[in-house]
Amino acid sequence: MIKLDSKIPDGKLSEKWTNHKFNMKVINPANKRKFDIIVVGSGLAGASAAATLGELGYKVKIFTFHDSTRRAHSIAAQGGINAAKNYQNDADSVYRLFYDTIKGGDFRGREANTWRLAEVSNNIIDQCVAQGVPFAREYGGTLANRSFGGAQVSRTFYARGETGQQLLLGAYGSMNRQVNLGNVEIIPRREFLDVVKIDGHARGIIVRNLVTGELEKYASQAVVLATGGYVNVYFLSTNAMNSNVTAAWRVHKRGAAFANPCYTQIHPTCLPVHGEDQSKLVLMSESLRNDGRIWVPKKPGDTRGPNEIPEDERDYYLERRYPAFGNLVPRDVASRNAKYVCDEGKGIAGGKAVYLDFSDAFNRIGKDGVKDKYGNLFDMYANITGVNPYNVPMNIYPAPHYSMGGLWVDYELMSTIPGMFVLGEANFSDHGANRLGASALMQGLSDGYFIIPYTMGNYLGTEKPEKVDVETNEFKETQQNVEENINKMLSINGKQTVDSIHKRLGHLLIDKVGMSRDEQGLKEVINKIRDLREEFWTDVKIVGKANDINQTLERAGRVADFLELGELMAKDALNRNESCGAHFREEYQTEDGEALRNDEEYKYVAAWEYKKEGEWELNKEDLEFENVKLATRSYK
Amino acid sequence: MSEKNIKLTLNIWRQESPEAKGHFEKFEKEISPDASILEVLDEINNHLEAEGKEPIAFESDCREGICGTCGFVINGQPHGPLPKTATCQLHMRNFKDGDSLYIEPFRATAFKILKDLIVDRSGFDKIQVAGGFISFNTGSAPDGNAISIAKEIADEALDAAECIGCGACVAACKNSSAMLFVGAKVSQFAILPQGQPERYERVQAMVKVMDENLFGSCTNTYACEAECPKGISVLNIARMNRDYFMAKLKTGTNE
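Those sequence lines, one after another, are chains A and B. Last residue of the first sequence: 1722 in our numbering, with the numbers rising by one and none dropped. Last residue of the second sequence: 263 in our numbering, with the numbers rising by one and none dropped.
Since the hints were derived computationally from the structure, they do not count as laboratory data. Predicted model only: the values in this text are computed from it and were never measured. Be aware that a few hints might be false.
Stated by the list, open to error - As a list, the in silico DSSO-like pairs of lysine-lysine whose alpha-carbon atoms are at most 27 Å apart:
id, chain 1, residue 1, chain 2, residue 2
1, A, Lys1432, A, Lys1722
2, A, Lys1574, B, Lys61
3, A, Lys1627, B, Lys134
4, B, Lys216, A, Lys1147
5, A, Lys1631, B, Lys216
6, A, Lys1457, B, Lys12
7, B, Lys134, A, Lys1438
8, B, Lys134, A, Lys1145
9, A, Lys1147, B, Lys120
10, B, Lys29, A, Lys1631
11, B, Lys159, A, Lys1457
12, B, Lys29, A, Lys1581
13, B, Lys37, A, Lys1627
14, A, Lys1589, B, Lys12
15, B, Lys15, A, Lys1589
16, B, Lys134, A, Lys1120
17, A, Lys1171, B, Lys159
18, A, Lys1589, B, Lys61
19, A, Lys1432, A, Lys1111
20, B, Lys92, A, Lys1453
21, A, Lys1581, B, Lys182
22, A, Lys1093, A, Lys1697
23, B, Lys61, A, Lys1581
24, B, Lys37, A, Lys1589
25, A, Lys1098, A, Lys1118
26, B, Lys159, A, Lys1453
27, B, Lys216, A, Lys1627
28, B, Lys120, A, Lys1631
29, A, Lys1631, B, Lys34
30, A, Lys1550, A, Lys1581
31, B, Lys134, A, Lys1147
32, B, Lys134, A, Lys1303
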């Protein structure tokens, strides 16, 4: 059994981080350059970490499987980034952002982490402005804000519908500056395949060069994993084609606990599925819910066009059920309600889609006003669907979007493998059972710019790890292991393509471990996933060679890991006999269909420890709430 | 949304390695007009894999037109026939039943072909490393509202900053010039007050590395702007040129 020590500092919530920063070890500037740090992943968390660690003087190597670090999937984030600036004078504060995030996560997040996130949120905005991130401005020259789901204040900073792109390019620039100065080295087109442990500590990595196929060994004194989330396990999701769980999963199998894998966010405003050959789903920013109204026809199976359905025959179901928050309820609530109305046959033409209607906004601020705020999203919609959303309401449906679960980390963002830090979406830490909109960018940059630079020093200053050589046995054995795994996959030579197996896994999971779950379905799906995994390892077909560009091989390795993760997601969902946030068990709901938590028995983080394939041990980190009162989430 | 399927002939560039001689391979395909061109390639690849043949190597990631990973020359145009549209956003409803498509990689001396449709665009990163940033250490920033920036200025900077770094401008240019790409980055910072302290050093450093990486010169054909999926304006090139000459005057160098 792993000992889970969350290392949450003592003292008042608002003083924990300040005190902890003082209490942590500091490494003097001249000594920092003696430490090599590996960062894997170059999204917001990885790039900002590499940039800041480089600024401090550490020697950083950053790896990405992309051709350029600027391609990481953070770039696709549209809507914005939260901060408790209170620029709108609407009574926002660090406490309110903290409380909204804890409540939005349905009281399954860590108080101390969430407070720290809210606390540094303001620094992030300052930092990004200084870097030249062109945030939206008011005519008077001040920063503009908009509202997002799960909040009643306007605290979201944005750059049109391309906030992620602009923030990532800011971090990319800062990192490039460190490359220029010789502190950071970027090593692209490499896929992380295993971590090398020496005396229990993370001391290096094995990567595959995606151009030559060669396996390469890199040593360091600490490793930072910032490799994103895992909802591509569902095959169809809003994640980029290459987003995957492999890095996190391989680290999990080497001893890092995996926390709350069943907390996956199904985002309410995505384009509906149109066919079996579709490769991915497209998100329309949640910011659209600010001005768009969501509705379905009152009559099930209504086949009339949206503009022919009169006002009194429409059901604005979110406004009806949640008058206080209306269309701005948190994502899990909005998604689940879309599912319900569609299950009742009230979806568009009886199918799986609901309307997102801007007619009122057109009347209020004009089409130009809407275009100014959401122009690129409207263009994207028109482009993909071939329908002009200025004339016909958008069709939307929920799609897998984000994983709140991830590798377990302590307050210093270190996993249960010493020296292995996990940042951003790859860790589990800040969002509880549901993430609020515009909080992912905040967390990625908080982890990278403002937390790891301090906690890394504490680890290195305490452990004082020596440099290691890549010719040691530990490196050779790990590399050999990876090589055997690749050769095993290539030698199967069965009949099914990698994608066809991945699609089947996706169907199983979205059906049974998606927006709603139940005991029987979860038990069934565990067996089906095991069978499918068996099929993969006996009947998959991977063409091409190991020592060449081989994208099929890359995908095969990722799907093999998804096939294990899928089982753990179902296991975790089955273990959690309550509904909370995005995890909704049909057996546990209130009379009017809201999530029914069981704080007495499940107020804990489920941190799963890998034993062998298909076998895990559950470790629990009890969550303590000293500063907020555990309440039933209400957005009515 | 979907109408009936259409039949297309796709001629796709195959090239085993940078040194190998490439050729077009022909595929006849019946496809849904709702599919994107990348989904058509996915399907072709699925069939190839099922038959034990090597799939077509091509790169893509977000498939939302923002990461800049994908990009082919389609019927002679980088990212295909639609204006302001990245390859992944090109849907088959834009083609007619019976059309023939020629799909090739972005070609330029500076972009080595690695395999099939995959090219090496690392020259872009080298240019950014030379100066595509504001020198500013984490932790020392003043309040975000301490710098007042007029909405028009912020919008103009964002127009330039929207570049996705795909390389279509280079592929479109008969000289393989990267000046639209570099001009966009130089402009973002030249427009903003935060970028002023390093303005003239930045433009010189970036142009120098651009030239070193085998990108050609600009001869004002504006093909780059026409093919840019984000519609980045050639005015950014003019702005870069002006700053570059100003920099030479200020520093008195004549490199």
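For which of the previously enumerated hints does the structure constitute a violation, in increasing order of number?
3, 5, 6, 7, 12, 19, 21, 25, 27 and 30
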